[in-house]
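Asks: Sequence:
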Amino acid sequence: MTNTDGAGEFGGVIAREVYDSEPWWPEPVLPGASSPNIVVVLLDDTGFSHLGCFGSFIDTPNFDRLADSGLRYTNFHTTALCSPTRACLLTGRNHHAVGMRAISNFDTGFPNMRGRIPPSAATLAEVLGPIGYHTMAVGKWHLAPMREASAAGPFTDWPLQRGFNRFYGFLNGETDQFHPELVADNHFIDPPATPDEGYHLSEDLVDQAIGMIRNQKSLVPERPFFLYLAFGATHAPHQAPDDYLAKYRGKFDEGWDVWRQRVYERQLELGVIPEGTELAPRNPGVEPWETLSDDEKAFACRLQEAFAAFLDHTDAQLGRLLDALDELGVSDDTIVFALSDNGASQEGNATGVMDEFRYFNNIPENLDEVIGRLDDVGTRRSFCNYPWGWAQVGNTPGKRYKQNTHGGGVRDPLIVSWPAGIAADVRGQVRNQFHHVIDIAPTIFEILGIEPPDTVKGVQQMPVHGTSFGYTFDPEAADANTVRSRKQRQYFEMFGHRAIWADGWKAVTYHRAGNRLDDDVWELYNLDEDFSECNDLAEAEPQKLAEMVDMFWEEAEANGVLPIDSGHSQMVFRGHPVPGTPRSRDSFTYHTPSDRNPMDTAPPLGARSWHMRATVSRSETTQGGVLMAAGTVNNGLVAYVKDNRLVYDHNYFTHHAVIRSDEEVPVGDVVLGVELERVSRGPARVRLYADDRVIGEGVVPELSVMISSIGMDLGRNPTGVSDDYEAPFVFEGSLHKVEVSTKRALRPEDEMAAEIRTALGTQ
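Numbered by my numbering, the letters in the sequence shown go through residues 5 to 767 in order.
Keep in mind that the hints were calculated from the coordinates and are not lab data.
Predicted model, so just to flag it, every value in this text is computed and none were measured.
For every residue, glycine included, the Cβ atom is placed at its ideal position computed from N, Cα and C.
Be a bit skeptical, because a hint or two may be false.
No more than 30 Å apart at the CA atoms, straight line, and that leaves these computed lysine-lysine pairs for BS3-like [what the hints assert, rightly or not]:
| id | residue 1 | residue 2 |
| --- | --- | --- |
| 1 | Lys221 | Lys461 |
| 2 | Lys747 | Lys646 |
| 3 | Lys255 | Lys301 |
Distance ranges between label pairs, derived from CB positions [said to hold, decoys possible]:
| id | residue 1 | residue 2 | range |
| --- | --- | --- | --- |
| 4 | Pro479 | Thr658 | 55 to 61 Å |
| 5 | Thr486 | Gly36 | 28 to 34 Å |
| 6 | Ala424 | Ala302 | 46 to 52 Å |
| 7 | Thr658 | Arg266 | 33 to 39 Å |
| 8 | Ala156 | Glu373 | 35 to 41 Å |
Using the sequences plus the hints, can you model the full thing?
Replies: Now the structure itself:
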């Protein structure tokens, strides 16, 4: 008989009867005994100089602890943006080549921006799992199309379908640290505790990571593990526990100019920037600290305090993970890569924001109002981001920010710690060889002694683009002039900003949205002599510049960079609704109870007129609760029953327009409705219904197009949009179904612009 089984060739003997047959079992697939555990710790929007070991005065003792037991890389680069860096990190390929030129919210109709990694670019988990690694992803994902990030999927690009055995975290580009949209494996869950009970997402993520590792080491200790831990920190909203916020009160009162100079001087002392490095000039739009009013200074300082508290708290969670590895006895043989996905964020604008959704909606904040709410900054009652001046401090000594291809956007901290693989006499040293995030996967492959597979799950694989930096673990690599980078060249492109690096030279251009690419001015720097890109050699070295620009276009052709979006989103990022996805229709019927609908799959209630009809049954007049809610305590909307009245509360950045029914709600079966009709860019008329009868009406004076990064709940409201009840205020009757219909926006261009600003700002 044929000696095969479902797993392939069968090594035993199969006869007619079992007495004459010989059983056989395949050997389990395990990597070599010397294969280390692998931990990748990814921070979000953390700049080159934000960690203590890279010059910061924010307390990060556990990142510093990693640096003391490993190496710091000062010439390490990313893509300048979230999803692209994550795609590069997990695949070892350039981001355009794997369909992730920007964030996964978009499919532009071109191969370089599909919002998903193709099967031809296997992730680290898809490579390591088949050779015996236990693979775990914890934290932020943002590598699946957001239109597919609901309980209905499809789940093709969720972590478990891309090679991870376990996942715990969130799928979108950002989330509320006190009320996150959590996913466990392939299903949505509620946080295990409330903010009043001390809940914070960063703590939860590390609890889960430690639990997964303990389970694996308890049950299958012979298998190594790969943990991908991607914190939501330090992406906005900057939110931290009260004791961490209190720790930094008054710390930054001297302002960003003083602190930037101090960080720069400390970097020189630490050796993370070369002697002679210049401090780059002030970025455009950053005002001298002394010119700010007292109120502007107070608000800016409080925002920086929240950021510092957030980072400090995140560092403490890393410390708990490292302690757990120590307790399990696996620290020495665990290699840890700690990095950030891009430079410090410019999305807080010149002044900073109490609620970043004001920025996304192009709605200015009232300084007098925010000064009255300073104690809310960094708490669950804020959704804040700091101003450009503090972001510039986080990118010291470089220019510009996240999204840009100058150093402030793409030069990021990298720490590699591996006690068993990095000799004691080189631990704590600095490495200056140029490398890029696509080089991490090849480094792991080299450490494991494997080649990237030709096929994965039957799909032919594209080449890996990165270059291993394993050679930098050697003592000789301390001198980057003697041991040069083995990398040949690296291109950068983000929203029309472009750059190319080769053999120490960098050509870079800052692109102004709407300009044609040929109108951009290229700059030229010798990074070996000019770390902070201060001395433009374009005029002095025109031949070299032309050579570098030609090289950029060669790399652009080779890596699928084209077409480049010179309009910074309006033209290319429009996309179109995909049939069969939630946003492709105008009416929705939800059968309850159901999971939360994330922002990108929920009805677009901000820009449009809409009508909600909830079919309910109540047996008592005392039964109340939430029917439908979207957003958070900071900005949102909610329809609920309380004191036997139907209530609609429109929370416009903590300004509440509350409309209550004039009549009591009937007991028994009834359809309760809320109709919101936009009459202009400003106000909206609201009518409340019991069946088809109007039982109340009023006006909402102000509305925002984009409400929140937190989506829609039915029958409950864990985020507490209204202060009129105690969250989650679960509906006590029977909520059978909720129907929502929407009308096209009065000004679709406003809706599109706000959606794009939100997507780009929440990555």
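Asks: Report the numbers of all earlier hints that the structure fails to satisfy, in ascending order.
Replies: none
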